[in-house]
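There are 4 protein chains.
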Amino acid sequence: MSSKSAVSPAISNEDSKSHPVLEELRMPFSRSMIGSFFQEQPKLGNQFLEDALLQSYLRKHLPPLVLEQASRDLERFGQRIVEEINSLGRECELTYLPQLQQYDAWGCRIDRIITCPAWKRMKELSAEEGLIAEAYERKYSSWSRLIQVVKLYLYSPSSGLFTCPLAMTDGAAKVIETLGSPVALQDAFKHLTSRDPNQFWTSGQWMTERKGGSDVAHGTETMAYPKPDGTYTLHGYKWFTSATDSDMSLTLGRMVDEQGHIIQGTKGLSLFYLEVRDSKGQLNGIEVQRLKDKLGTRQVPTAELLLDGVKAMRISPEGRGVASISSMLSITRIHNAIFSAASMRRIINLAREYASKRFVFGKLIKDHPLHIQTMARMEVEARGAFLLLMEVARLLGLEETNMATEQDQHLLRLLTPIAKLYTGKQAVAVVSEGLECFGGQGYMEDTGLPAMLRDAQVLTIWEGTTNILSLDILRSVIKSQGQVLSAFFSAVQVSYIAITQLQVAKNLHNM
Amino acid sequence: MSSKSAVSPAISNEDSKSHPVLEELRMPFSRSMIGSFFQEQPKLGNQFLEDALLQSYLRKHLPPLVLEQASRDLERFGQRIVEEINSLGRECELTYLPQLQQYDAWGCRIDRIITCPAWKRMKELSAEEGLIAEAYERKYSSWSRLIQVVKLYLYSPSSGLFTCPLAMTDGAAKVIETLGSPVALQDAFKHLTSRDPNQFWTSGQWMTERKGGSDVAHGTETMAYPKPDGTYTLHGYKWFTSATDSDMSLTLGRMVDEQGHIIQGTKGLSLFYLEVRDSKGQLNGIEVQRLKDKLGTRQVPTAELLLDGVKAMRISPEGRGVASISSMLSITRIHNAIFSAASMRRIINLAREYASKRFVFGKLIKDHPLHIQTMARMEVEARGAFLLLMEVARLLGLEETNMATEQDQHLLRLLTPIAKLYTGKQAVAVVSEGLECFGGQGYMEDTGLPAMLRDAQVLTIWEGTTNILSLDILRSVIKSQGQVLSAFFSAVQVSYIAITQLQVAKNLHNM
Amino acid sequence: MSSKSAVSPAISNEDSKSHPVLEELRMPFSRSMIGSFFQEQPKLGNQFLEDALLQSYLRKHLPPLVLEQASRDLERFGQRIVEEINSLGRECELTYLPQLQQYDAWGCRIDRIITCPAWKRMKELSAEEGLIAEAYERKYSSWSRLIQVVKLYLYSPSSGLFTCPLAMTDGAAKVIETLGSPVALQDAFKHLTSRDPNQFWTSGQWMTERKGGSDVAHGTETMAYPKPDGTYTLHGYKWFTSATDSDMSLTLGRMVDEQGHIIQGTKGLSLFYLEVRDSKGQLNGIEVQRLKDKLGTRQVPTAELLLDGVKAMRISPEGRGVASISSMLSITRIHNAIFSAASMRRIINLAREYASKRFVFGKLIKDHPLHIQTMARMEVEARGAFLLLMEVARLLGLEETNMATEQDQHLLRLLTPIAKLYTGKQAVAVVSEGLECFGGQGYMEDTGLPAMLRDAQVLTIWEGTTNILSLDILRSVIKSQGQVLSAFFSAVQVSYIAITQLQVAKNLHNM
Amino acid sequence: MSSKSAVSPAISNEDSKSHPVLEELRMPFSRSMIGSFFQEQPKLGNQFLEDALLQSYLRKHLPPLVLEQASRDLERFGQRIVEEINSLGRECELTYLPQLQQYDAWGCRIDRIITCPAWKRMKELSAEEGLIAEAYERKYSSWSRLIQVVKLYLYSPSSGLFTCPLAMTDGAAKVIETLGSPVALQDAFKHLTSRDPNQFWTSGQWMTERKGGSDVAHGTETMAYPKPDGTYTLHGYKWFTSATDSDMSLTLGRMVDEQGHIIQGTKGLSLFYLEVRDSKGQLNGIEVQRLKDKLGTRQVPTAELLLDGVKAMRISPEGRGVASISSMLSITRIHNAIFSAASMRRIINLAREYASKRFVFGKLIKDHPLHIQTMARMEVEARGAFLLLMEVARLLGLEETNMATEQDQHLLRLLTPIAKLYTGKQAVAVVSEGLECFGGQGYMEDTGLPAMLRDAQVLTIWEGTTNILSLDILRSVIKSQGQVLSAFFSAVQVSYIAITQLQVAKNLHNM
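Sequence order for the protein chains is X, U, C and G. With UniProt numbering, the residue at position 339 of the first sequence is 339, and numbering never jumps. With UniProt numbering, the residue at position 305 of the second sequence is 305, and numbering never jumps. With UniProt numbering, the residue at position 137 of the third sequence is 137, and numbering never jumps. With UniProt numbering, the residue at position 268 of the fourth sequence is 268, and numbering never jumps.
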């Protein structure tokens with residue numbers, strides 16, 4: 001009946017004079033015209049094929065048969081990442097974030113953690129690809145661990161953070177293996193290392209409590225009441241529990257004797273194994289108090305848990321809880337380094353791609369000298385991190401197949417915390433620099449780039465902050481009476497000699 | 001009628017045996033028990049009173065009367081920040097983020113940007129506190145600018161990012177002043193520098209387009225059609241427009257002559273003034289295409305705008321658009337440095353507070369040597385940034401009151417981009433380190449800490465990335481035929497001599 | 001560098017042939033053209049001035065002085081509703097819905113219910129307008145209650161559901177007055193009936209538990225433990241507690257004696273008074289378990305509450321809890337009828353407005369006979385509901401000022417539940433019909449219309465479903481040995497005679 | 001380090017006296033105790049097996065072989081609904097509602113409508129179950145339509161509103177069939193009636209524009225420009241387009257001749273066929289302006305569409321657009337009646353279930369006489385609606401297989417709009433009453449019950465409001481010169497005689 005002039009194309013007389021034809025001929029129904037220039041987007045290629053350093057490392061170190069078989073698998077996996085996994089990973093953040101439903105409509109407490117389908121699909125994929133299994137099947141002997149690490153390195157930035165539960169799963173498998181795979185845990189171990197999506201389990205690692213943070217010795221208030229059948233009932237409050245949607249978990253607790261006494265400090269702590277749900281799917285004495293609202297890793301359901309009567313099995317000797325988790329910590333810290341190295345590689349590859357498509361100030365940004373310098377500096381950091389990671393993985397592989405010399409073991413002990421702390425710091429700096437390479441676009445969440453910074457920040461905090469790790473290194477020096485350092489210096493010397501010889505050889509060749 | 005046993009406290013026989021009394025005596029209705037330890041929270045004090053360096057700087061440099069008056073105001077303002085402003089600032093992110101309503105229920109395009117009440121309150125507060133006015137009233141002569149900068153420095157981390165529109169408002173006021181305050185803009189200038197909340201205007205700065213980013217010379221596609229009355233009609237698409245809820249804006253456009261011809265490159269660009277809404281509150285030929293989804297600064301409504309017939313006034317000479325905005329860029333870059341320096345100061349103060357309350361590994365973390373070292377390194381960065389900022393503000397104050405020597409002017413030209421680029425980089429690193437000082441809590445959004453990292457990342461990107469600024473510095477060196485560098489080196493020498501003399505004097509005194 | 005043709009206005013050759021000029025002349029930047037017709041929107045007028053029936057009712061019944069004073073106030077209030085209150089009411093639903101924050105960032109349980117500023121403003125407005133006070137100040141003697149009801153009737157559909165806490169507040173004030181305003185409750189009463197926004201309190205009414213719903217006698221599991229000082233400690237679980245952001249509450253509990261015994265059924269129940277927070281602002285032994293996710297009334301924070309050690313005062317004689325709340329129920333049921341009658345009036349007024357602006361099938365819809373019939377039927381329902389409400393309010397006013405005859409009291413007893421049940425059912429039907437009057441627009445939430453249906457549905461459920469109320473009516477018939485019916489029939493007869501006489505008189509006059 | 005007493009179980013001395021043991025023995029970590037009574041929830045059974053009236057209807061009317069085959073399929077389908085489909089349907093509303101992404105991160109307009117996986121799964125299921133195919137394959141001859149209707153009747157309340165796109169898909173298939181399945185549309189028809197999830201298409205029906213609503217004749221502003229190849233280019237704005245994620249659509253447009261002239265009114269309208277995306281997945285000249293925010297049917301992506309150069313094919317003769325959609329409207333109105341009848345059946349079945357589990361006032365609510373009466377009244381409405389629906393389906397089946405007498409056709413013409421309007425009104429009233437049967441729980445969204453009311457309200461509005469349908473009935477009476485009424489009365493008479501005879505026979509038998 002009536003028309004509202006405010007939104008109609010009200011043209012004043014003056015306008016009509018200056019460009020009358022335009023306005024009069026406009027269709028009454030036409031889309032908006034927003035210009036013709038649209039920046040071409042950076043594209044993700046096969047990250048195995050594009051990674052010359054990774055390929056040359058493998059060629060140099062792997063036995064030929066292993067190299068052939070592994071390369072074929074890695075190339076295929078690299079392709080699967082581009083075509084299938086990468087978009088799933090984005091979905092994990094975009095579709096919807098984990099939600100907690102504490103009650104059903106009728107008032108029953110249910111504590112259901114709702115995760116998106118892509119997240120569930122990642123669990124299946126991880127099994128299919130043997131992302132945990134690879135390391136424990138040892139079909140490539142001492143190289144199995146390194147090959148697993150390489151797969152995780154390729155997978156990580158496309159995984160929608162599913163590498164977080166995988167890290168803890170790997171750690172749990174390692175603990176069980178280290179404990180000599182006791183009969184009672186063989187079933188769990190099979191689940192953790194299964195390639196069958198229907199059988200595959202992930203594990204949580206519930207260590208942190210409000211009081212102590214990294215100081216588990218003094219901060220663990222969880223109490224374990226013994227039961228006549230030899231199992232325990234846990235009561236406590238876990239402050240950060242990542243991947244709360246896992247199937248099982250390892251956790252620390254303080255044993256309570258008949259008189260209700262406990263032992264304070266490290267000596268009071270034992271390690272416990274628990275399954276999150278019973279055979280009917282009911283939570284095992286666990287209440288999910290809330291999900292954590294984190295800067296990054298938002299796809300991972302991290303929660304605060306109240307343990308009230310959790311049925312658990314003690315799996316370490318009494319009072320040896322802290323000692324028993326050290327193998328787990330080594331694994332998760334290596335996972336942390338994987339994520340760090342992979343994040344740097346990914347942001348650099350994307351930035352390089354973009355630099356070949358973005359044209360400003362008269363040329364592609366890849367052709368601006370200052371930009372080349374910036375990229376080169378990032379590249380150096382990323383390469384160093386990668387090679388350090390490979391070395392740790394190589395040494396771990398040797399250790400796990402009983403092929404490590406004493407020096408290898410010292411080196412592994414020293415380099416594991418170093419790799420964690422150093423690559424974590426690098427990752428924040430390089431990813432931040434990487435965002436800058438995209439200008440304002442690097443700050444826009446819908447490009448997917450800012451998530452890389454939000455996620456990277458956890459790498460300096462999770463599994464021990466930089467300072468906590470520094471102290472751990474000091475501890476290893478003291479405990480080994482300096483042997484870890486000696487191992488390091490002699491390894492460096494050997495490398496230095498090797499490099500020098502190589503250069504001499506090259507120079508000779510070039511002459 | 002029926003009861004569901006799954007959630008009732010079903011106690012098995014075994015349980016009863018081990019601690020029967022407990023369960024039986026539980027009240028049928030009781031809250032959950034989640035332990036007794038709760039970490040004491042870091043508290044924010046009066047940031048002026050707690051900032052010894054700031055106070056000593058002012059004491060050392062300000063004339064006594066200015067010092068007395070300014071200190072009283074800053075102490076009061078510091079208190080207001082703690083008691084009133086800081087929680088408002090948090091509200092800006094927590095209550096709800098800016099939303100865009102493009103249509104009303106009946107299909108009319110309205111493009112309403114909805115911001116939360118706390119954000120609107122910040123605009124009033126900014127006027128009341130004269131956060132822009134201070135610099136233009138010049139009641140402290142050449143120290144006015146520095147005192148404004150100090151107020152902004154205190155305000156910034158509690159402002160809920162309202163310093164972003166203030167930066168652009170300050171820049172716009174500066175441009176108008178620089179243009180000699182033409183009659184047509186006197187009214188706008190009064191609004192921008194008003195202390196009356198009902199009169200106070202903020203200004204946008206719509207520069208970036210999809211094509212060019214920082215390269216406005218080649219990237220600006222917006223066209224300005226002249227109208228018989230001497231005004232212009234703008235058509236174009238602005239890709240990042242911060243603070244789109246502002247009252248006016250400055251923008252670049254390319255003039256179209258009668259034959260439809262335009263001039264490419266810098267020479268084609270002129271600067272235009274526009275009001276966002278007409279006297280009836282209708283948008284001035286602007287369509288808000290979408291709000292940007294940013295990593296941080298989420299409180300600021302940043303948008304993509306389609307300009308379709310915007311009525312605008314040319315305020316630069318023809319083709320002098322880029323030159324005309326250089327004074328604006330200086331101002332906004334200084335604002336960037338304010339935010340950087342202030343972010344470092346804030347995270348350090350909070351981390352120090354926390355270190356005196358958090359007890360782990362047998363002592364407060366403030367008593368762990370490694371933590372002391374970490375804090376000390378952060379402190380050094382923050383102090384350097386602060387002093388650089390003060391120097392730039394001091395020089396700008398001199399220039400604005402015609403008291404700057406030629407050397408001062410060279411120094412100001414050189415230090416402005418340096419301050420922006422260097423403090424931006426520092427801020428990301430120091431804030432990231434600062435989060436780590438809180439362990440896992442530094443990663444939890446509800447502490448308010450992660451937002452500081454998300455916001456800091458923009459500091460390296462906004463108003464020119466580090467490399468863009470580096471090139472600007474080169475340009476200043478070339479254009480001044482090296483005089484900016486000479487000015488720098490002689491200034492450094494003077495300082496060095498002064499410091500040396502001071503130390504000699506101290507040593508003599510101590511003898 | 002490159003342009004993406006997909007979104008550019010790619011014109012095929014064929015197109016160009018058919019209307020070439022159009023496309024070529026399109027500006028590269030222009031807004032979308034979406035046609036020129038936009039339906040004019042229905043507007044809300046002063047609902048007092050537009051309500052001829054209300055005005056004629058007041059003219060007919062009120063004493064002249066009361067009429068004059070009240071009319072002036074109602075006209076002013078009607079205007080305030082249009083200009084200020086109505087948009088606030090919309091904001092209560094649009095800005096953000098109530099949220100529950102159970103923990104602070106550091107793990108402390110806080111159970112903060114966050115409501116939007118507009119909701120808080122409504123509390124102030126309610127005090128300013130004396131929406132409760134009016135009824136208890138009795139400045140218009142027996143007409144005070146009716147005038148309060150009329151104010152609420154005008155306010156209700158613009159109140160953003162703030163009438164919900166007001167209903168319970170009114171009920172609580174009534175209970176206290178009925179109990180003879182014991183000294184211990186005088187302070188609370190002053191707060192409830194204050195016109196000072198800083199003093200004004202709202203009250204909750206925590207009756208419903210999971211087990212019983214309306215069957216409080218058998219469903220109330222809350223236990224009250226006596227304390228030596230004569231107060232009580234409550235333990236229980238309240239399933240629906242509306243307006244959980246109130247200052248105080250009344251609630252039922254079952255007293256536990258020294259031996260832990262309780263009395264089942266009605267006789268075991270007493271009424272308790274409690275304040276929601278202590279003097280430091282801490283919750284009084286209350287945990288908010290969750291907010292309810294309701295069909296409508298979404299602005300009202302309705303919650304499930306765990307009472308664990310709530311300090312409370314018994315205010316009814318022992319075992320007289322159910323009897324003591326009957327006066328409260330009468331009040332809240334009348335409030336329910338106010339909302340019902342007001343909803344019908346509002347949707348009809350809006351539909352009538354719209355009918356005078358919407359043109360289809362060749363005329364305004366107000367001129368389509370079928371639409372006139374539909375509107376007329378709605379109008380009849382609304383008028384009947386209004387007059388029934390007025391009669392109940394008039395009778396209550398008489399009773400409250402000791403001016404009610406025995407017959408008046410019987411009538412009030414009978415009509416209160418009838419008014420609640422009947423107008424509730426009417427409201428759902430009339431509002432549903434009203435939405436249909438707007439065609440598809442009646443189904444769009446952004447018109448604000450669907451919320452009226454969502455809210456109306458609660459009117460048949462809250463304060464007793466239709467069947468619960470029907471049984472209450474039966475109870476009143478039995479208890480009064482039929483006198484409530486006699487009272488009804490004689491009242492009807494009197495009315496019938498009056499009407500007949502009126503018609504005879506009119507006929508005579510017309511002859 | 002410090003503990004916060006506010007949340008610890010601070011027990012005053014007085015408390016300790018009254019029940020000291022309780023508090024002291026509380027575990028430091030224990031879940032909340034919220035009582036032991038939890039209402040058993042109503043459960044959904046196989047809705048085919050539980051529907052005695054449906055089964056008896058089929059037994060009475062279907063030929064034995066058809067009965068046997070259909071019953072087997074319906075029983076299976078009924079089971080699949082309980083076990084698989086019903087929870088998917090809930091997911092469609094709970095997981096996430098449709099979202100519109102208008103731009104990608106780089107500024108390209110994409111207009112992607114994001115629907116949840118459960119919604120996509122429903123499309124596959126609909127194909128698998130032949131929910132459209134059944135009616136067009138005609139394997140049960142004239143009973144095919146009725147059997148399809150029965151399947152949809154069972155499916156509807158569990159479908160998460162996927163019946164909405166199915167209704168329009170059915171309507172589109174019907175239009176194509178009615179037009180004699182022109183060659184150009186055979187492919188589309190195959191897609192619409194496919195049982196292969198990969199081939200199955202849904203269709204939209206884009207009729208409503210801002211100006212006209214149901215008055216398409218005067219309200220349609222969409223213009224169709226002819227192209228040399230015989231196709232058309234559409235320009236217009238569609239105000240409500242349900243199921244915008246469909247593959248194709250039918251729409252009305254007004255043809256523009258070479259001189260730019262159009263014909264106003266019905267005679268100017270033709271019907272057009274279009275595909276929503278081209279072979280590359282790009283939208284066919286369509287911009288999605290916004291998604292509608294509806295009271296109910298929130299799972300269905302309803303949008304406003306700007307048509308700007310949509311490539312379309314005219315499928316009706318010129319000016320016969322309105323006539324051509326009449327067959328479509330008949331189908332969609334029958335779908336509306338299916339939803340209405342099914343909603344009533346579902347709410348009644350759930351309420352009956354609940355009545356056998358909810359115990360208040362001394363007995364199960366199923367044993368309270370007043371509740372029995374309420375349920376009985378609802379049942380009568382639901383049965384009437386069901387039988388009316390079956391009769392319409394039966395008649396349509398006859399017509400579609402050329403087995404309808406003239407009287408059948410008159411009856412079908414009359415009963416179709418009656419069934420739509422009458423069952424729509426019933427559905428709102430019965431579902432509203434049904435919610436009341438659950439008390440407060442009927443108002444809680446997490447029970448899934450309120451959604452039934454929100455959805456039901458559309459049934460009186462969609463496909464013509466009650467008054468629009470009433471006028472359509474009048475039109476059918478006038479156009480048939482009263483024959484549709486004669487047909488009705490003689491049909492009623494026959495039924496009456498049959499019923500009377502049946503009762504006489506029964507009486508005889510009982511004697």
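Keep in mind that a hint or two might mislead.
Identical chains share a label here; the pair holds if one copy fits it or two copies do between them.
[As the list claims (entries may be wrong)] DSS-like, lysine-lysine: derived pairs with alpha carbons at most 27 Å apart:
no.	residue 1	residue 2
1	K363	K311
2	K139	K506
3	K506	K280
4	K479	K311
5	K357	K139
6	K267	K357
7	K425	K363
8	K357	K280
9	K60	K43
10	K425	K357
11	K479	K363
12	K190	K280
13	K506	K357
14	K280	K139
15	K280	K43
These aren't lab readings, by the way, just hints derived from the structure by calculation.
Status of the hints after comparison with the structure:
For a Cα distance limit of 27 Å, the shortest separation of K363 from K311 qualifies neither inside one copy, at 65 Å, nor across copies, at 34 Å. Taking the shortest Cα distances, K139 and K506 never come within 27 Å of each other, neither inside one copy (36 Å) nor across copies (71 Å). For a Cα distance limit of 27 Å, the shortest separation of K506 from K280 qualifies neither inside one copy, at 67 Å, nor across copies, at 53 Å. In the homo-oligomer, the alpha carbons of K479 and K311 never lie at most 27 Å apart, since the shortest distance is 36 Å inside one protomer and 58 Å across protomers.
Within a single copy, K357 and K139 get their C-alpha atoms no closer than 43 Å, and across copies no closer than 51 Å, so neither meets the 27 Å cut-off. For the identical chains of this complex, K267 and K357 are inter-copy neighbours only, at 26 Å across copies versus 60 Å inside a copy, given an alpha-carbon limit of 27 Å. Taking identical chains as interchangeable, the C-alpha atoms of K425 and K363 lie at most 27 Å apart only when they sit on different chains, with a minimum of 26 Å there against 33 Å within one chain. Taking the shortest alpha-carbon separations for K357 and K280, only the inter-copy value of 24 Å comes in at or below 27 Å, while the best intra-copy value is 55 Å.
For the homomeric pair K60 and K43, neither the shortest alpha-carbon distance inside one copy (29 Å) nor that between copies (55 Å) is at most 27 Å. Only between protomers do K425 and K357 lie at most 27 Å apart by alpha-carbon distance; the minimum there is 26 Å, versus 30 Å within a single protomer. For the homomeric pair K479 and K363, the shortest alpha-carbon distance between copies (23 Å) is at most 27 Å, but the shortest distance inside one copy (57 Å) is not. Taking identical chains as interchangeable, the C-alpha atoms of K190 and K280 lie at most 27 Å apart only when both belong to the same chain, with a minimum of 21 Å there against 46 Å between chains.
Proximity of K506 to K357 under the C-alpha cut-off of 27 Å is found in neither arrangement, the shortest distances being 36 Å within a copy and 59 Å between copies. For a Cα distance limit of 27 Å, the shortest separation of K280 from K139 qualifies neither inside one copy, at 36 Å, nor across copies, at 45 Å. Taking identical chains as interchangeable, the C-alpha atoms of K280 and K43 lie at most 27 Å apart only when they sit on different chains, with a minimum of 19 Å there against 46 Å within one chain.
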